[in-house]
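**Student:** Sequence:
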Amino acid sequence: MQPSTTEHTPATSFQERRKRPDLRALFEKTIPRLEPFFSNRENLNGNPTEYWAAKLVRDLHPDLSEQDAHMLVGAAARYFRERTAAVSA
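In our numbering, the protein residues as written are 1120 to 1208.
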């Protein structure tokens, strides 16, 4: 019998999609530090805000690969974009 990847809780039952729980934990800790970069979608010093956010992530977590840093920034961009859309609606 194969172990199930479905987690069951009393209130919910769902299929866990995340392959990297370590990045999810890092996302939770890093998201407050990234909010200033996404609260204003203007460029900073002529560079897109994602550039500066990725630089901060790499500075805070030098052990992360560049790909992982960009993955976190992409997730943060989606998080703030969806949050802004929900507030505007």
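Simulated from the structure, these hints should not be mistaken for lab results.
Keep in mind that a hint or two might mislead.
Unchecked claim - Derived pair list, reagent style DSSO-like, types lysine-lysine, alpha-carbon separation capped at 30 Å:
{"hint": "1", "residue 1": "K1174", "residue 2": "K1138"}
{"hint": "2", "residue 1": "K1148", "residue 2": "K1138"}
{"hint": "3", "residue 1": "K1148", "residue 2": "K1174"}
**Student:** Between K1148 and K1174, is the straight-line Cα distance small enough, at 30 Å or below?
**Tutor:** holds (16 Å)
**Student:** Within a Cα-Cα threshold of 30 Å, do K1174 and K1138 meet the stated pairing?
**Tutor:** With Cα atoms ~24 Å apart, K1174 and K1138 stay inside 30 Å; holds.
**Student:** Compare the distance between the alpha carbons of K1148 and K1138 with 30 Å, and conclude whether the hinted pair is satisfied.
**Tutor:** holds (18 Å)
When each numbered hint is compared with the structure, no violation occurs for any of them.
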